[in-house]
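Top to bottom, those sequences are chains A and B.
Everything in the first sequence is counted per the numbering used here, starting at 1 for the first residue and increasing by one.
Everything in the second sequence is counted per the numbering used here, starting at 1 for the first residue and increasing by one.
If you are wondering where the hints come from, they were derived from the structure by calculation, not from laboratory data.
From a predicted model like this one, the values you see are computed outputs, not experimental measurements.
Backbone N, C-alpha and C define an ideal beta-carbon position, used for all residues, glycine too.
It cannot be assumed that every hint is accurate.
[Unchecked claim] Rough simulated footprint, nothing fancy, chain A against chain B, three-plus residues with beta-carbon under 8 Å: (1) 12-23; (2) 37-51.
[To be verified] Lysine-lysine pairs mimicking PhoX-like chemistry, simulated, CA-CA at most 25 Å apart: (3) 40/B x 9/B; (4) 40/B x 45/A; (5) 79/A x 41/B; (6) 71/B x 107/A; (7) 111/A x 9/B; (8) 107/A x 40/B.
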Amino acid sequence: RKEVEQDPGPFNVPEGATVAFNCTYSNSASQSFFWYRQDCRKEPKLLMSVYSSGNEDGRFTAQLNRASQYISLLIRDSKLSDSATYLCVVNFPGGSQGNLIFGKGTKLSVKP
Amino acid sequence: DTAVSQTPKYLVTQMGNDKSIKCEQNLGHDTMYWYKQDSKKFLKIMFSYNNKELIINETVPNRFSPKSPDKAHLNLHINSLELGDSAVYFCASSPERTMSSYEQYFGPGTRLTVT
Numbered sequence: 001r002k003e004v005e006q007d008p009g010p011f012n013v014p015e016g017a018t019v020a021f022n023c024t025y026s027n028s029a030s031q032s033f034f035w036y037r038q039d040c041r042k043e044p045k046l047l048m049s050v051y052s053s054g055n056e057d058g059r060f061t062a063q064l065n066r067a068s069q070y071i072s073l074l075i076r077d078s079k080l081s082d083s084a085t086y087l088c089v090v091n092f093p094g095g096s097q098g099n100l101i102f103g104k105g106t107k108l109s110v111k112p
Numbered sequence: 001d002t003a004v005s006q007t008p009k010y011l012v013t014q015m016g017n018d019k020s021i022k023c024e025q026n027l028g029h030d031t032m033y034w035y036k037q038d039s040k041k042f043l044k045i046m047f048s049y050n051n052k053e054l055i056i057n058e059t060v061p062n063r064f065s066p067k068s069p070d071k072a073h074l075n076l077h078i079n080s081l082e083l084g085d086s087a088v089y090f091c092a093s094s095p096e097r098t099m100s101s102y103e104q105y106f107g108p109g110t111r112l113t114v115t
């Protein structure tokens, strides 16, 4: 099983749509989870951390299921500006301490 | 003000050359990192420095050597460049080196092309 696995997409959705991304991780000892956003030819930037109880930031909702080692990101009312690649990021403790493992990303394209 | 800066932004060079990429952060962070993002967009950590001490050294070729003159700088030196080194190299920093939640701040990237 790959360390952090995501559906690469692309997800092509119309403006206003709701879209969900999933991510699975292989290390059951992982404690920290994030979603980063990367625009084309730009650096990754933190979108939101993912907490055990789930958390929401405006149109974005993140969920964590530790039993299934699964993280999700839900985007409601998609905007053109949401078009980007969304990276699932998980820390893998032990060995390389503080090592964040990045998924390959899911590409989202929001169309008018 | 740019939080994490890298120079150069673009670097085109021939196989066999030696080159360096510089990184500076003005956030007062304790830990800095180098990542490589290849043509398939896979972002993978290469090195991490905490207070001038190497704390992560992934299985990268020893042609790559990080150098940190002080807490605010982490440079990447590459010897005998190969075609496969072509990629975007990102520098990043974070407030502390722990396994708890923390955000990493990335520089704009250096696009290296080896011909």
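Verification of the supplied hints:
With 0 residues having a Cβ less than 8 Å from any Cβ of chain A, the segment 12-23 of chain B misses the three-residue criterion, and the hint is violated. Given as covered by chain A, the segment 37-51 of chain B passes the check, having 7 residues with a CB less than 8 Å from a CB of that chain where 3 are the minimum. The suggested pairing of residue 40/B with residue 9/B holds, with an alpha-carbon distance near 20 Å, which does not exceed 25 Å. Taking the CA atoms of residue 40/B and residue 45/A, the gap is near 19 Å; set against the 25 Å cutoff, the hint holds.
At roughly 24 Å between alpha-carbon atoms, residue 79/A and residue 41/B fall within 25 Å of each other, so this suggested pair holds. For the hint linking residue 71/B to residue 107/A, the alpha-carbon distance of about 35 Å lies beyond 25 Å, and the restraint is violated. Of the supplied pair hints, the one linking residue 111/A and residue 9/B is violated, its CA atoms being roughly 30 Å apart against a limit of 25 Å. Of the pairs offered as hints, the one joining residue 107/A and residue 40/B holds, with about 12 Å between alpha carbons and a cut-off of 25 Å not exceeded.
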